[in-house]
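As they're listed, the protein sequences go chains A and B.
Be aware that the first sequence starts at 279, since it is given in our numbering, and climbs by one per residue.
Be aware that the second sequence starts at 279, since it is given in our numbering, and climbs by one per residue.
Some hints could be false.
Claimed, not checked - With a Cα cut of at most 16 Å, we get these calculated EDC-like pairs of lysine to aspartate or glutamate:
{"id": "1", "chain 1": "B", "residue 1": "Lys330", "chain 2": "B", "residue 2": "Glu459"}
{"id": "2", "chain 1": "B", "residue 1": "Lys518", "chain 2": "A", "residue 2": "Glu498"}
{"id": "3", "chain 1": "A", "residue 1": "Lys518", "chain 2": "A", "residue 2": "Asp588"}
{"id": "4", "chain 1": "A", "residue 1": "Lys518", "chain 2": "B", "residue 2": "Glu496"}
{"id": "5", "chain 1": "A", "residue 1": "Lys518", "chain 2": "B", "residue 2": "Glu498"}
{"id": "6", "chain 1": "B", "residue 1": "Lys518", "chain 2": "A", "residue 2": "Glu496"}
What the hints assert, rightly or not - Simulated coverage check for chain A against chain B, where a stretch passes if three residues somewhere in it have a Cβ under 8 Å from a Cβ of chain B:
{"id": "7", "segment": "363–369"}
{"id": "8", "segment": "401–409"}
{"id": "9", "segment": "429–441"}
{"id": "10", "segment": "495–501"}
No wet-lab data here; the hints were simulated from the structure.
What you are looking at is a predicted structure, and each value in this text was computed from that prediction instead of being measured.
Every residue gets a Cβ at the ideal spot worked out from N, C-alpha and C, and that includes glycine.
One-letter residues, chain by chain:
Number of protein chains: 2
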Amino acid sequence: MIKQLLAAQRHSIVLIGFLAITLPALAADPLPSWKEGANREAILGFVEKVTKEGTADYVPAPERVAVFDNDGTLWSEQPLYFQVVYMLDRIKAMAPDHPEWKTTEPYKSALSGDLNHLVSQGMGGLMELLTVTHTGMTAEDFSSSVADWLDTARHPTTGLPYTAMIFQPMLELIDYLHDNEFKVFIVSGGGIDFIRVFSESVYDIPPERVVGTTLEAEFELRDGIPTIVRKPEISLVDDKVGKPVGIYRHIGRRPIIAGGNSDGDLQMLQYTTIPRDSNDTRPRLGLIVHHTDKEREFAYGRESHIGKLDKAMDEAPDRGWLLIDMKDDWSTMYPTKP
Amino acid sequence: MIKQLLAAQRHSIVLIGFLAITLPALAADPLPSWKEGANREAILGFVEKVTKEGTADYVPAPERVAVFDNDGTLWSEQPLYFQVVYMLDRIKAMAPDHPEWKTTEPYKSALSGDLNHLVSQGMGGLMELLTVTHTGMTAEDFSSSVADWLDTARHPTTGLPYTAMIFQPMLELIDYLHDNEFKVFIVSGGGIDFIRVFSESVYDIPPERVVGTTLEAEFELRDGIPTIVRKPEISLVDDKVGKPVGIYRHIGRRPIIAGGNSDGDLQMLQYTTIPRDSNDTRPRLGLIVHHTDKEREFAYGRESHIGKLDKAMDEAPDRGWLLIDMKDDWSTMYPTKP
Chain A
279 MIKQLLAAQR HSIVLIGFLA ITLPALAADP LPSWKEGANR EAILGFVEKV TKEGTADYVP
339 APERVAVFDN DGTLWSEQPL YFQVVYMLDR IKAMAPDHPE WKTTEPYKSA LSGDLNHLVS
399 QGMGGLMELL TVTHTGMTAE DFSSSVADWL DTARHPTTGL PYTAMIFQPM LELIDYLHDN
459 EFKVFIVSGG GIDFIRVFSE SVYDIPPERV VGTTLEAEFE LRDGIPTIVR KPEISLVDDK
519 VGKPVGIYRH IGRRPIIAGG NSDGDLQMLQ YTTIPRDSND TRPRLGLIVH HTDKEREFAY
579 GRESHIGKLD KAMDEAPDRG WLLIDMKDDW STMYPTKP
Chain B
279 MIKQLLAAQR HSIVLIGFLA ITLPALAADP LPSWKEGANR EAILGFVEKV TKEGTADYVP
339 APERVAVFDN DGTLWSEQPL YFQVVYMLDR IKAMAPDHPE WKTTEPYKSA LSGDLNHLVS
399 QGMGGLMELL TVTHTGMTAE DFSSSVADWL DTARHPTTGL PYTAMIFQPM LELIDYLHDN
459 EFKVFIVSGG GIDFIRVFSE SVYDIPPERV VGTTLEAEFE LRDGIPTIVR KPEISLVDDK
519 VGKPVGIYRH IGRRPIIAGG NSDGDLQMLQ YTTIPRDSND TRPRLGLIVH HTDKEREFAY
579 GRESHIGKLD KAMDEAPDRG WLLIDMKDDW STMYPTKP
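Next comes chain A alone, as it looks inside the complex:
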């Protein structure tokens, strides 16, 4: 009993300390890298609206679900999805054990960096490379391999670690939503177990709040040790129509905020924001990050092979989705300068 009272006292000291630290923070601008303008105001206004108790627009905290795409929305995705770079780097690292790869496709093109030729062979070659680099190993071995790569690999044009190419304004938005008791999920076409390696340390999004393209897996006791083995079959392609399915499967509740940057996010934006019927008056926010800044990042959209933004751009005005212009809306791009 004495111990519990002491614990209670310690608890109260921690809470008072917490108060002292958070009060000034609450008064500070939650989105310092977002320039003044309609988009910034719309985001702040939405969050204020749904967190204001006693109003028709109030959304209880457990139902404040926000979902964000990863590639091109939370971090860069050019000139190649970073996970594809990981895949190609793994092929190079594994090549010494496979001398036949030098003369066999799709490995030959992967090793020589001839991506046009690689892609021209169709999806079969890419799937073979993915299978070799992403399956057959244990869950731990895969995670370690990704972590090692993130520690050492550098982006070809910026020279930055890939995890430094995250968008400072989106980090601020995630923090702001967390401060307002939102549950923030990543819903990515990329691999769920690839993103989980860095999502907690980089975005403050824990592994259980990452949804992504998922492989089948098997459990076994291997020499008495509990082991998860990654299988070469896909359980979910978490892209396009797969994103609402991933949300249903992993979250089980419709989000009230969705953010993306490409047509791969179209259905997620629709699922989140279109009212189900005339009684469905809950506020909903959709936003699209438009890559307009070729000086500080990359500029692409309707014609791009990666991150193509066409249909979702067409729908945005009618649906009321915010079109975030990276050049005009963001004062900072990455957390540290190249």
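The hints should help you fit chain B onto chain A, whose structure is shown.
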């Protein structure tokens, strides 16, 4: 700015109120329905150990993952899994639109309540009933149907609503873990979308922390309305070897507490508690709820068709899993008496 300062002030009042309310609660017994004894002490000791900062056994809050089976662990499961009762009730409700069911198996046996004959026809018949009652409809229609059933259905021997047949000591354990910043998940062989209908209101476990047997689903804009349709294919059988796979898929982190009641939980208990190697010294807790109380609930185990507890019981002593004797360890069974 004035608005933000006012918000900060309101925030501080809320926090002080929170303090005043929680201090007495911290001194109270967190597990009043658990009788004094080795199992109670082991649970309290484990949670105190992993939450004590500055010790070798300390586990940071984000990594405090606890997983519990549902049927037979958080609520009763006799004489039939409650979801099977739902299925049979749905068949009865749908029968007037299908006059041919009166003379066609497996419907005939389902409608007459001849479960022995139903089961004797093999898994095919059961799967057909599951398909008819659980698939083809939208996500919302399925959830509404389950919610309506839970409101009206009563257990055949206790006369209680099924959601009243939850175990008070396990509710206290979930609350105690939440108070200690654990993330508590359900990992069930039952249907993920069935459990999600009541998990938040009944257990305080939100939908995104429910893992269970999962169907494939599809997204479409149906007459312009975003719609998830449940498909008659299984994405995950979240039972036995499927439970660690479900944990990997949905949580992406090994739990430190696992609780079950049958051989269906064996692999989840192994995955949670067996050290990976000699460096893996993190504390782990496994517990098995043993149904020993035929007066207040049901008594079954090694020979039972539902909730068979045999191999896991054999492994428990060597693995150090707590065997919770419901009759001896629990002073209360259900939150309200029948």
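Against the structure, the hints come out as follows:
1. B:Lys330 x B:Glu459: 12 Å, holds
2. B:Lys518 x A:Glu498: 11 Å, holds
3. A:Lys518 x A:Asp588: With a Cα-Cα distance of about 13 Å, the restraint between A:Lys518 and A:Asp588 holds, given a limit of 16 Å.
4. A:Lys518 x B:Glu496: 11 Å, holds
5. A:Lys518 x B:Glu498: 11 Å, holds
6. B:Lys518 x A:Glu496: 11 Å, holds
7. 363–369: Violated - the segment 363–369 of chain A has 0 residues with a Cβ nearer than 8 Å to chain B, which falls short of three.
8. 401–409: Result for this restraint: violated, n = 0.
9. 429–441: violated (count 0)
10. 495–501: holds (count 5)
Of the hints listed earlier, those the structure fails to meet are numbers 7, 8 and 9, in rising order.
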